[in-house]
Amino acid sequence: MHVIGDWLICEDGVIRPTVFALVRAADGRMVEVTFLLDAGADRTVFNARFLHWLRALESPQGEQIQLAGVGGSVGSITVDTSIGFIRDDGRVATVRGQFAVFTEGESAELSVLGRDVTNNFGVIYDYPNRTIALLAQPHFYEIKTAS
Amino acid sequence: MSKPLVIEDEPLTPELARAFENARRNVLWFDAHVEELEVYKRYRGKYVGSAGGELFVADTAEDVERQAYEKYPEDLPHVRYIQREKLSRIYACHR
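Sequence lines, in order, name chains A and B. Note that this note's numbering numbers the first sequence so that position 34 is 34, with each residue one more than the last. Note that this note's numbering numbers the second sequence so that position 45 is 45, with each residue one more than the last.
It should be emphasised that the hints constitute simulated quantities derived from the structure, not laboratory data. Among the hints, a few may not be true.
Distance ranges between label pairs, derived from CB positions [stated by the list, open to error]:
no., chain 1, residue 1, chain 2, residue 2, range
1, A, S147, B, E10, 37 to 43 Å
2, B, E8, A, D42, 35 to 41 Å
3, A, T103, B, E10, 28 to 34 Å
4, A, A56, B, K71, 22 to 28 Å
5, A, D88, B, P4, 24 to 30 Å
Just a few of them, taken from the derived set where beta-carbon distance is under 8 Å, the chain A residues facing chain B [to be verified]:
no., residue
6, G13
7, D27
8, V31
9, E32
10, D116
11, T118
Note that the coordinates shown come from a computational prediction; the quantities given were computed from them, not determined experimentally. The C-beta atom is built at its ideal place from N, Cα and C for all residues, glycine as well.
Given these sequences and hints, build the entire structure.
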């Protein structure tokens, strides 16, 4: 399984690693989501743009994910939904489960793809070669020494 | 405690293929035009979206999506929030 990501231009020309996907909204519609690939994030979080699409899928109170950053806790709700990533072989890798959604617009420009999802893949994060990839069997990577 | 994630391999239906292609086109259009349109200079504190080869701007995500869907009902807009200030991001929480 090979999902290809992109280095996209973000704030003021900063190029950031991203992975493109579709998320299923409460009305069944698919909505585009570009995730920032964040190896340090424990959880996948949708930015506040998705509140109105996903709020109706909110999980029960006892299943809410609590989020915190460097400055303390941050407002979010937890929703049950699915995220589809297109693979290089023309199939779809669908991830179903519970994900957080920021409740404040200024929390993030893009949604964040965290280790709850990326721990299921080998991740290539290569700025010099402008490569982003999520890999699972039968795909793998190998490190070689140039001769 | 949240439930474990489930990852499944699924076929790409024609409907999904169109959705991916359409959404991808808007992401790439935004990336190709973001500097030329000075998005990060002109629209701080706004939501911006790309659809049908156009840029849409509004104060809320709902408004920018409404504009895009009204003009291009079959399109899947790419939408971002442009932060109010230019700062280096470490994804600390906003208080």
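Comparing the hints with the structure gives:
One distance hint, 37 to 43 Å for the beta-carbon pair A:S147 and B:E10, holds here, with the actual separation near 42 Å. For the pair B:E8 and A:D42, the supplied restraint of 35 to 41 Å is violated, since their beta-carbon distance comes to about 23 Å. Taken as a hint, the range 28 to 34 Å holds for the pair A:T103 and B:E10, whose Cβ atoms sit roughly 30 Å apart. Hint check: A:A56 to B:K71, Cβ distance near 26 Å, so the stated range 22 to 28 Å holds.
Against the hinted window of 24 to 30 Å, the Cβ-Cβ separation of A:D88 and B:P4 comes to about 26 Å, which satisfies the hint. Proximity of A:G13 to chain B holds as hinted, the smallest CB-CB distance being about 7 Å (cut-off 8 Å). Proximity of A:D27 to chain B is violated relative to the hint, the smallest CB-CB distance being about 12 Å (cut-off 8 Å). Because the closest C-beta pair between A:V31 and chain B is about 7 Å apart, less than 8 Å, the hint holds.
A cut of 8 Å between beta carbons decides the hint on A:E32: the least distance to chain B is about 4 Å, and the hint holds. The criterion of a C-beta within 8 Å of any C-beta in chain B is met by A:D116, whose closest approach is roughly 6 Å, and the hint holds. Using the Cβ-Cβ criterion of 8 Å, the hint placing A:T118 at the interface with chain B is not satisfied: the shortest such distance is roughly 11 Å.
Of the numbered hints listed earlier, those contradicted by the structure are 2, 7, 11.
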